[in-house]
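**Student:** Chains as they are written, first to last, in the UniProt record's numbering: chain A, 1 to 355; chain B, 1 to 227.
Simulated from the structure, these hints should not be mistaken for lab results. You may find that some hints are simply not true.
Label-pair restraints from in silico Cβ distances [unchecked claim]:
#: 1; chain 1: B; residue 1: Lys54; chain 2: A; residue 2: Ala73; range: 48 to 58 Å
#: 2; chain 1: B; residue 1: Leu68; chain 2: A; residue 2: Asp22; range: 41 to 51 Å
#: 3; chain 1: B; residue 1: Lys54; chain 2: A; residue 2: Ala248; range: 51 to 61 Å
#: 4; chain 1: A; residue 1: Lys132; chain 2: B; residue 2: Ser139; range: 20 to 30 Å
Just so it is clear, CB atoms sit at the ideal spot from N, CA and C, and this is done for glycine as well.
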Amino acid sequence: MIELRAVSKVYPGGVTALDSVDLSIGAGEIHGIVGRSGAGKSTLIRCLTGLDPATSGEITIDGVNLGTARGAALMKARRKIGMVFQHVNLLDSRTAEKNIAHPLEVAGVPAAERKRRVDELLELVGLSDRRKNYPAQLSGGQKQRVGIARALAAEPRVLLCDEPTSALDSATTRQILSLIRSLRDRLGITVVIITHEMSVVREICDSVSLLSEGRIERSGPLLEVIQDTGSPLSKELISLPPTAHLQADATIVEALVAAEGGLADVGELFALLGRHGFSAQVAAGTIETIQGRQVGRLHFTPGDRDEAERMAAVLREAGVHAELTTAATVQREDAARQEDNEAHDGRDGQEGGAR
Amino acid sequence: MILASGEMFLDNPVFHGRLWDATAETLLMMVFTTLAVAAFGLPLGVLLHSVSPKGLTPAAPVYRVISLIVDFGRSIPFIILMIALIPFTRFVVGSALGWQATVVPLAVGAIPFFARLVQNALREVDSGKVEAVQMMGASKGHITYHVLIREALPGIVGALTVTVVTLISYTAMAGTIGGGGLGALAIDYGYRRYQSDTMVACIVLLVALVALVQWIGDTVVRKIDHR
Ligand SMILES: Nc1ncnc2c1ncn2[C@@H]1O[C@H](COP(=O)(O)OP(=O)(O)OP(=O)(O)O)[C@@H](O)[C@H]1O
Ligand SMILES: [Mg+2]
Chain A
1 MIELRAVSKV YPGGVTALDS VDLSIGAGEI HGIVGRSGAG KSTLIRCLTG
51 LDPATSGEIT IDGVNLGTAR GAALMKARRK IGMVFQHVNL LDSRTAEKNI
101 AHPLEVAGVP AAERKRRVDE LLELVGLSDR RKNYPAQLSG GQKQRVGIAR
151 ALAAEPRVLL CDEPTSALDS ATTRQILSLI RSLRDRLGIT VVIITHEMSV
201 VREICDSVSL LSEGRIERSG PLLEVIQDTG SPLSKELISL PPTAHLQADA
251 TIVEALVAAE GGLADVGELF ALLGRHGFSA QVAAGTIETI QGRQVGRLHF
301 TPGDRDEAER MAAVLREAGV HAELTTAATV QREDAARQED NEAHDGRDGQ
351 EGGAR
Chain B
1 MILASGEMFL DNPVFHGRLW DATAETLLMM VFTTLAVAAF GLPLGVLLHS
51 VSPKGLTPAA PVYRVISLIV DFGRSIPFII LMIALIPFTR FVVGSALGWQ
101 ATVVPLAVGA IPFFARLVQN ALREVDSGKV EAVQMMGASK GHITYHVLIR
151 EALPGIVGAL TVTVVTLISY TAMAGTIGGG GLGALAIDYG YRRYQSDTMV
201 ACIVLLVALV ALVQWIGDTV VRKIDHR
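Extracted from the complex, chain A is given alone in its bound form (with noise of 0.2 Å):
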């Protein structure tokens, strides 16, 4: 459904925020697009619509190359795209339900077939009452849904979401991911998402690219990036609370149960450790279900070296990935991404406070 080849994009003054990304995402699959603030994942999502031209290589969506489309050519194209922003972009001059009418407007739908939508989307999005408030009379999820109901309003065929929950709570965030699912499952649409928070991955994406640097570092199906057990990206996903209260010098196994040849959940490691005589000090763990398959990422501390290689073996013979380490080592890569955090926490701020 949208194929990009060689897409380099290069600012002028140039900044390269794309280095020939290749990537290709299925019709009606649910894309995520992780990475560090600066990566290129907005530049990314820009070269897709054509708000931005990339400088070199090609990118199709349902076959169309949305990079030299022009006039008509491109109006016709962006109507089977709906696109949700980070910041909404509603128009303060419109309520709620003339902001979600307007690609309809725009497509030339009559106002009786406009209205029977608007009714519908508002129902879908749960904000029936709240259809004659102006943006500036909505809460911060409140004005997201109308942005979402809006993008979805013209029946495109891609739907693009530039960090669509980063200004909303948890549960607002599950709501609106819900929506999105049962979109896709419902329309068949193609979802591409951007988004700094693992869990939005986790929850709803069916495969995942991470962008470092403007280069795609990784890419593939959501459970075999898991399962790619040692990498960052995996780790990202799979993330463990921090340890900070272990010696420096602890030694630590690290175990990743995520199926596979491997153990089918998290309870068979412990009865496998149990047989093998180990007393498990688990000093972090993280358990999700994903694709209705158990993933669990675990930390061990066992007495001493000697036992932590044991321990290991032991796992590795059970096709779990383990892997020894030292507390010394998990601390700082905890800081590395506490910083990297409060980096793109620091810009939204910065991004909302201008607003």
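Starting from the known structure of chain A, fit chain B with the ligands onto it as the hints suggest.
**Tutor:** For chain B with the ligands alone, kept in the frame of chain A given last:
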């Protein structure tokens, strides 16, 4: 100040005729100039914004030329513009005297001023809003009208209010060279004939007019501003 006669305010014959005629003339000048300014200044401001580097159809050379013309118009002092435009005014309204003749230089002076204010108001519209509507597959015309102008409308109305208030003081200036209206009355009677009562009345009426225009402007903005 020496009074020409002992008849003041309501005893002064000026208060029973010329004062009201002058007020009506000033009002007529204002209404017609405002119409001309809105009719020509708004499209000019929109054009300026469209061809500017951040506009929908950037065209640097066109922008520079229009900018130059607009700034040229804005930089000439009104009183000089009035005199310089006399031949043109004669051509348009058939005379260089009276309130009708004042409308021409007033409009010519205010159109570029208002156009720049419109351009500023349009520039304030968040580019994200424009992009959102571009993504709907909207035409440039649709975006210009339904996004740029509509979203900037409170600012544009505010700019028009400022322009009209400025015009009021210009109508008074026009009075010094036969422009008619309250300005002319203040010069003819208040200044040349030492009628301080006429002067006071002219000032009061001009102030009231400014207050009225500002009130109308503010009320309209309140109605259309949903931010
Ligand atoms: N208009 C521009 N002109 C020049 N450089 C730009 C422009 N827009 C973005 N960049 C640069 O391109 C790089 C990628 O930016 P982009 O906005 O795509 O990052 P991002 O991954 O969306 O980051 P974030 O998560 O913070 O939103 C950054 O280094 C940024 O400074
Ligand atoms: Mg971004």
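**Student:** Are the hints correct? Go through all of them and say.
**Tutor:** Results for each hint:
no.	hint	result
1	B/Lys54 to A/Ala73: 48 to 58 Å	24 Å, violated
2	B/Leu68 to A/Asp22: 41 to 51 Å	48 Å, holds
3	B/Lys54 to A/Ala248: 51 to 61 Å	53 Å, holds
4	A/Lys132 to B/Ser139: 20 to 30 Å	28 Å, holds
Going through the hint list in order, the structure does not satisfy hint 1, though it satisfies all others.
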